[in-house]
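Number of protein chains: 4
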Amino acid sequence: MSQRIGFAGLGLMGSRMARNLVKKGFETTVWNRTAARSAPLAAEGATVAATPRELAERSDVVVACVADPPAVERLVFADDGLIHAVKQGFRYLECSTVSPETTKRVQSALRAKGGDALEAPVTGSKNGADAGTLLFMTGGPRAVHDELMPVMMAMGTKAIYCGEMGQGSTMKLIGNHFISLMLEALAEGVVVGRKHGLPLETILEVVQASGFASPYFAFKGAAIGKRDWSEHFAIDLLVKDQTLMLETAAAARVPMPGLAAVREVFQSARAQGFGREDICAVVKTLERAAGESA
Amino acid sequence: MSQRIGFAGLGLMGSRMARNLVKKGFETTVWNRTAARSAPLAAEGATVAATPRELAERSDVVVACVADPPAVERLVFADDGLIHAVKQGFRYLECSTVSPETTKRVQSALRAKGGDALEAPVTGSKNGADAGTLLFMTGGPRAVHDELMPVMMAMGTKAIYCGEMGQGSTMKLIGNHFISLMLEALAEGVVVGRKHGLPLETILEVVQASGFASPYFAFKGAAIGKRDWSEHFAIDLLVKDQTLMLETAAAARVPMPGLAAVREVFQSARAQGFGREDICAVVKTLERAAGESA
Amino acid sequence: MSQRIGFAGLGLMGSRMARNLVKKGFETTVWNRTAARSAPLAAEGATVAATPRELAERSDVVVACVADPPAVERLVFADDGLIHAVKQGFRYLECSTVSPETTKRVQSALRAKGGDALEAPVTGSKNGADAGTLLFMTGGPRAVHDELMPVMMAMGTKAIYCGEMGQGSTMKLIGNHFISLMLEALAEGVVVGRKHGLPLETILEVVQASGFASPYFAFKGAAIGKRDWSEHFAIDLLVKDQTLMLETAAAARVPMPGLAAVREVFQSARAQGFGREDICAVVKTLERAAGESA
Amino acid sequence: MSQRIGFAGLGLMGSRMARNLVKKGFETTVWNRTAARSAPLAAEGATVAATPRELAERSDVVVACVADPPAVERLVFADDGLIHAVKQGFRYLECSTVSPETTKRVQSALRAKGGDALEAPVTGSKNGADAGTLLFMTGGPRAVHDELMPVMMAMGTKAIYCGEMGQGSTMKLIGNHFISLMLEALAEGVVVGRKHGLPLETILEVVQASGFASPYFAFKGAAIGKRDWSEHFAIDLLVKDQTLMLETAAAARVPMPGLAAVREVFQSARAQGFGREDICAVVKTLERAAGESA
Chain D
1 MSQRIGFAGL
11 GLMGSRMARN
21 LVKKGFETTV
31 WNRTAARSAP
41 LAAEGATVAA
51 TPRELAERSD
61 VVVACVADPP
71 AVERLVFADD
81 GLIHAVKQGF
91 RYLECSTVSP
101 ETTKRVQSAL
111 RAKGGDALEA
121 PVTGSKNGAD
131 AGTLLFMTGG
141 PRAVHDELMP
151 VMMAMGTKAI
161 YCGEMGQGST
171 MKLIGNHFIS
181 LMLEALAEGV
191 VVGRKHGLPL
201 ETILEVVQAS
211 GFASPYFAFK
221 GAAIGKRDWS
231 EHFAIDLLVK
241 DQTLMLETAA
251 AARVPMPGLA
261 AVREVFQSAR
271 AQGFGREDIC
281 AVVKTLERAA
291 GESA
Chain F
1 MSQRIGFAGL
11 GLMGSRMARN
21 LVKKGFETTV
31 WNRTAARSAP
41 LAAEGATVAA
51 TPRELAERSD
61 VVVACVADPP
71 AVERLVFADD
81 GLIHAVKQGF
91 RYLECSTVSP
101 ETTKRVQSAL
111 RAKGGDALEA
121 PVTGSKNGAD
131 AGTLLFMTGG
141 PRAVHDELMP
151 VMMAMGTKAI
161 YCGEMGQGST
171 MKLIGNHFIS
181 LMLEALAEGV
191 VVGRKHGLPL
201 ETILEVVQAS
211 GFASPYFAFK
221 GAAIGKRDWS
231 EHFAIDLLVK
241 DQTLMLETAA
251 AARVPMPGLA
261 AVREVFQSAR
271 AQGFGREDIC
281 AVVKTLERAA
291 GESA
Chain S
1 MSQRIGFAGL
11 GLMGSRMARN
21 LVKKGFETTV
31 WNRTAARSAP
41 LAAEGATVAA
51 TPRELAERSD
61 VVVACVADPP
71 AVERLVFADD
81 GLIHAVKQGF
91 RYLECSTVSP
101 ETTKRVQSAL
111 RAKGGDALEA
121 PVTGSKNGAD
131 AGTLLFMTGG
141 PRAVHDELMP
151 VMMAMGTKAI
161 YCGEMGQGST
171 MKLIGNHFIS
181 LMLEALAEGV
191 VVGRKHGLPL
201 ETILEVVQAS
211 GFASPYFAFK
221 GAAIGKRDWS
231 EHFAIDLLVK
241 DQTLMLETAA
251 AARVPMPGLA
261 AVREVFQSAR
271 AQGFGREDIC
281 AVVKTLERAA
291 GESA
Chain A
1 MSQRIGFAGL
11 GLMGSRMARN
21 LVKKGFETTV
31 WNRTAARSAP
41 LAAEGATVAA
51 TPRELAERSD
61 VVVACVADPP
71 AVERLVFADD
81 GLIHAVKQGF
91 RYLECSTVSP
101 ETTKRVQSAL
111 RAKGGDALEA
121 PVTGSKNGAD
131 AGTLLFMTGG
141 PRAVHDELMP
151 VMMAMGTKAI
161 YCGEMGQGST
171 MKLIGNHFIS
181 LMLEALAEGV
191 VVGRKHGLPL
201 ETILEVVQAS
211 GFASPYFAFK
221 GAAIGKRDWS
231 EHFAIDLLVK
241 DQTLMLETAA
251 AARVPMPGLA
261 AVREVFQSAR
271 AQGFGREDIC
281 AVVKTLERAA
291 GESA
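As given, the protein sequences belong to chains D, F, S and A, one line each in that order. With our numbering, letter number 28 in the first sequence gets 28, and the count goes up by one each step, no holes. With our numbering, letter number 289 in the second sequence gets 289, and the count goes up by one each step, no holes. With our numbering, letter number 27 in the third sequence gets 27, and the count goes up by one each step, no holes. With our numbering, letter number 102 in the fourth sequence gets 102, and the count goes up by one each step, no holes.
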């Protein structure tokens with residue numbers, strides 16, 4: 001493990017991903033906007049950088065897993081941003097879910113200084129980040145994908161090359177679009193079923209015995225059954241991604257009537273105070289819309 | 001196989017289900033509104049009834065698989081309807097996808113004459129009907145469910161008891177609601193992906209490697225890839241079920257904003273002449289909405 | 001006023017319309033499903049019929065203003081329905097908002113006995129019914145329209161001939177579709193405006209000074225400002241009409257994505273217990289969706 | 001008319017507004033990104049500035065009417081932007097429809113140099129711009145509103161003060177949200193009416209005789225009747241505003257399910273090549289969705 005890794009963004013996903021890098025023996029430096037979150041990683045052997053620039057100085061590869069496009073802007077382009085420390089051969093692995101435009105801008109800036117970037121948003125949620133079983137969907141130069149496979153495989157088990165820079169982000173947004181409609185299907189189905197006396201367990205049993213079964217329905221159905229809204233993937237973040245998907249679609253002039261309707265339901269969930277809860281908490285918003293006290 | 005079976009409705013699903021009853025050795029009589037469709041079954045050993053009443057006279061159990069609530073009305077209550085031949089112990093197995101109200105009305109009429117009914121709509125599409133691997137979701141008396149298991153297991157491999165009369169139909173409508181949103185997710189995703197240079201194959205590879213994978217995406221994705229719109233489940237029928245679901249939801253005062261949006265897309269597909277094609281043909285409507293010539 | 005008039009349906013609209021017939025000197029008989037509602041009209045000079053059949057026996061023209069298609073079925077076709085008293089020259093004026101299919105069925109039955117019908121749904125709400133300033137949109141034979149003008153003009157000030165039987169009902173449903181989207185525009189606008197510090201009064205002032213001004217915004221805006229949800233047009237009835245519109249559109253294979261989205265909002269308002277309140281109470285549902293306690 | 005006016009943005013609206021300033025005797029300088037559009041104004045007496053900075057140097061008040069937030073950024077903050085020429089007492093009148101965030105940023109920058117701004121988006125479309133009958137909805141300091149009244153009244157007939165900076169823009173976005181749903185109502189109504197044999201003229205006659213009449217329906221209905229898609233307000237611009245409205249709503253956590261559904265229809269119209277046509281051309285997209293060849 002000769003590469004020195006920097007990790008920026010120690011949230012729900014990032015902290016778990018960084019931990020796996022440390023465990024697998026990479027020399028790892030971490031940075032987080034609120035510094036306190038770095039302490040647990042430091043205790044496990046990571047070095048803590050004070051700024052993104054310092055993070056980049058100490059690393060051959062910086063992995064980023066931050067919240068949204070403005071957070072990437074801050075990480076890369078701020079006065080103490082990592083761009084100022086980029087040297088020939090530097091690599092940036094963008095694991096955040098952001099817009100294709102954002103990843104392209106970062107790549108251009110890095111290339112101008114002899115570095116390069118790969119976008120590699122992930123799926124697998126908190127559990128996959130813990131277990132090191134994430135799936136990466138990458139966009140950028142094929143050679144950079146190959147070069148960074150060892151880094152990705154320290155945090156996950158599969159990386160699918162999706163094409164040029166921007167296509168990894170687009171693929172990730174499409175994936176979250178799938179999640180959005182599947183979760184809406186589950187939530188609407190659960191509420192209408194209950195009103196007609198059909199228990200959640202029966203619905204899940206039938207769905208999982210059918211051709212449209214999915215592990216996702218079992219996973220989220222179980223949480224709804226326990227009314228466990230603890231965060232695997234927060235509603236605030238999913239709405240951010242739904243909005244990026246609609247913008248990306250608008251840029252290509254593709255209407256997405258299904259997603260547009262569903263986003264407003266999740267938007268309502270945020271308005272009702274569920275933004276930091278898991279996305280399955282959207283069922284509470286549908287219950288309220290159906291007149292159930294919540 | 002001492003029970004004599006009548007089968008009403010020899011469409012895409014019904015003809016295959018009836019064939020399996022004949023193959024498994026049941027003494028089978030068939031009836032179809034347009035008589036010509038009975039000929040192949042007759043050649044394989046089924047008797048042909050001229051009217052639903054005659055069908056019921058020749059049978060201990062009548063299995064129905066017809067298009068919609070009016071077709072059930074005609075089958076059961078017309079002047080030559082099966083209700084006029086119902087005797088003590090007669091059983092009716094409703095495999096059509098209809099509204100809970102319809103199945104309840106039929107059951108009441110049967111009970112008044114000493115018979116009884118089980119609703120048992122199916123999932124598994126054309127291929128499952130062919131192979132005898134359908135899944136039944138049943139509603140009605142538990143004893144009738146148990147009694148009719150041998151008949152169901154001649155056509156399928158599993159029957160899940162969902163509760164009292166009406167809950168099997170509601171479950172089926174919820175299942176088709178899932179299908180509707182999953183197919184919309186796939187279709188919107190495929191169109192926006194292609195506009196951004198992401199091939200269908202990559203989208204499917206990522207989806208199927210993720211936690212929200214489903215055999216359904218592989219099945220329908222492959223058809224879209226081949227632009228094979230041959231009918232497994234026709235758009236006209238799915239829209240009929242979406243409308244029944246929205247009515248059933250309205251009766252319970254449950255808004256279903258996701259399904260309402262999606263139904264209008266499938267409605268548009270009907271308007272554009274795709275009503276008799278497979279439901280995956282909805283992708284053509286989204287392509288047109290996105291300005292692609294079709 | 002040589003014609004004897006029967007009036008069926010003494011609800012919010014009907015009671016006011018019947019009162020104007022009495023006031024204008026028509027010999028008027030009334031019938032209502034719950035008989036108690038007839039008493040005030042009787043006190044003003046109307047005769048009370050015990051059944052729709054008796055109503056028709058006592059009248060040359062029966063005017064109907066009932067809730068929905070099943071209520072029309074009951075009025076016309078029940079064992080004591082008016083159809084059994086129809087004679088040569090009998091006229092039926094359908095002022096209820098029902099489906100084109102319903103009015104066509106009634107007309108056929110009347111014609112078979114030498115009568116005829118005109119559909120003439122109204123707009124103008126409670127205040128217009130009171131003041132006798134309703135607008136009728138008629139469908140059916142032009143000659144019957146002309147013949148019944150004096151009856152209509154006792155209750156309103158204008159009748160627009162829309163074409164053959166069914167087109168008056170379709171026009172009425174289109175009108176309520178306009179109302180639905182205009183009210184949704186107002187309600188969404190009011191909620192988002194308030195969250196950004198824009199008072200309702202300012203929004204209304206600007207809207208009413210613009211090219212898209214409408215008396216409707218002033219009328220409903222004032223009620224929202226006073227949080228006065230007393231019924232002019234109940235949410236339950238508007239949802240009934242939205243559903244008829246979507247069915248009528250589906251019959252012609254016309255997708256209505258705007259109306260479909262809006263209906264689910266009104267559906268939610270019913271679920272939350274506002275069904276008997278005025279349609280402007282939909283703003284409360286949007287407030288809840290936006291996280292405001294209600 | 002002692003104030004020297006600069007006008008930036010000579011598009012469909014701006015060119016007409018600038019012309020009225022010249023006509024009313026203001027000493028007027030103009031600037032447009034593509035310089036050729038300045039020629040007609042120059043012929044009528046306006047001076048042409050080469051850059052926004054020069055425009056500001058030659059003016060006491062700069063009026064802007066440009067396409068979107070990036071165009072405002074370019075006008076104000078570019079290397080040759082007007083901000084570099086701002087002196088004590090300078091006034092900026094923002095007539096573009098942009099986001100509240102944009103107008104607030106510009107105001108801050110101006111105040112830092114001793115100037116100030118008023119946002120004053122307009123309604124009235126091309127005809128109102130021609131005739132000088134626009135309506136302004138203003139946000140910012142009340143004193144600046146009063147100070148700039150003579151300038152606004154050279155281009156319009158009314159200015160409604162909406163509150164602090166940002167509330168004029170929000171009001172404008174709400175106004176365009178009204179327009180969006182009213183136009184969708186009209187377009188869906190026209191298509192479903194025609195399929196049922198109801199001519200546009202009858203629909204308009206009934207609507208205009210009803211309580212929900214609006215001059216807007218007459219204006220846009222007439223254009224649809226003539227299939228005249230020439231631009232008064234382009235679909236591309238309305239979609240831009242719908243998107244800004246949804247962003248502004250999201251910032252306040254207000255779901256707008258009606259607008260979200262409608263935006264996707266207009267998005268589809270852009271995809272089908274109607275982006276530069278008038279917003280009433282959305283009817284063509286609904287015709288296609290309803291299976292009519294277009």
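These are computed hints drawn from the structure, not numbers from a lab. Do not take every clue at face value.
Pairs involving identical chains hold if they fit within one copy or between any two copies, as the list cannot separate such chains.
[What the hints assert, rightly or not] Each computed SDA-like pair below joins lysine to any residue, with the alpha-carbon atoms no more than 20 angstroms apart:
1. 158 with 125
2. 240 with 252
3. 195 with 251
4. 23 with 3
5. 240 with 251
6. 226 with 15
7. 158 with 43
8. 226 with 131
9. 240 with 101
10. 195 with 163
11. 104 with 70
12. 240 with 141
13. 87 with 194
All of these numbers come straight from a predicted model, not from anything done at the bench.
Query - Identical-chain pair category, residue 158 with residue 125, by Cα at 20 angstroms - result: Close inside one copy (14 angstroms), not across copies (33 angstroms); limit 20 angstroms.
Query raised in the report: Which holds for residue 195 with residue 251 at a C-alpha limit of 20 angstroms: within a copy, between copies, both or neither?
Result: For residue 195 and residue 251, only the inter-copy Cα distance (10 angstroms) is at most 20 angstroms; the intra-copy one is 41 angstroms.
**Report entry** Same-copy or cross-copy closeness of residue 240 to residue 251 [CA-CA at most 20 angstroms]
**Finding:** Both ways: residue 240 and residue 251 sit 17 angstroms apart in one copy and 11 angstroms across, limit 20 angstroms.
Report task. Could you figure out if residue 226 and residue 15 sit no more than 20 angstroms apart (CA to CA) within one copy, between two copies, both or neither? Result -> Neither way: residue 226 and residue 15 sit 26 angstroms apart in one copy and 43 angstroms across, limit 20 angstroms.
**Report entry** Intra- versus inter-subunit Cα pairing at 20 angstroms for residue 158 with residue 43
**Finding:** Intra 29 angstroms, inter 53 angstroms, cutoff 20 angstroms: neither.
**Report entry** Alpha-carbon proximity between residue 104 and residue 70, which holds within one copy, between copies, both or neither at 20 angstroms
**Finding:** both (14 angstroms within a copy, 19 angstroms between copies)
Query - Within, between, both or neither: residue 240, residue 252 at alpha-carbon 20 angstroms - result: both (19 angstroms within a copy, 14 angstroms between copies)
Query raised in the report: Checking residue 240 and residue 101: alpha-carbon separation at most 20 angstroms within a copy, between copies, both or neither?
Result: both (15 angstroms within a copy, 18 angstroms between copies)
Query raised in the report: Is the C-alpha distance from residue 226 to residue 131 at most 20 angstroms within one copy, between copies, in both cases, or in neither?
Result: neither (23 angstroms within a copy, 37 angstroms between copies)
Requested in this report: At 20 angstroms max between alpha carbons, let me know whether residue 23 reaches residue 3 within a copy, between copies, both or neither.
Outcome: within (14 angstroms within a copy, 66 angstroms between copies)
**Report entry** Intra- versus inter-subunit Cα pairing at 20 angstroms for residue 240 with residue 141
**Finding:** neither (27 angstroms within a copy, 34 angstroms between copies)
Requested in this report: Could you figure out if residue 87 and residue 194 sit no more than 20 angstroms apart (CA to CA) within one copy, between two copies, both or neither?
Outcome: For residue 87 and residue 194, the Cα distance exceeds 20 angstroms both inside one copy (59 angstroms) and across copies (36 angstroms).
The structure fails to meet hints 6, 7, 8, 12 and 13 from the earlier list, while all remaining hints are met.
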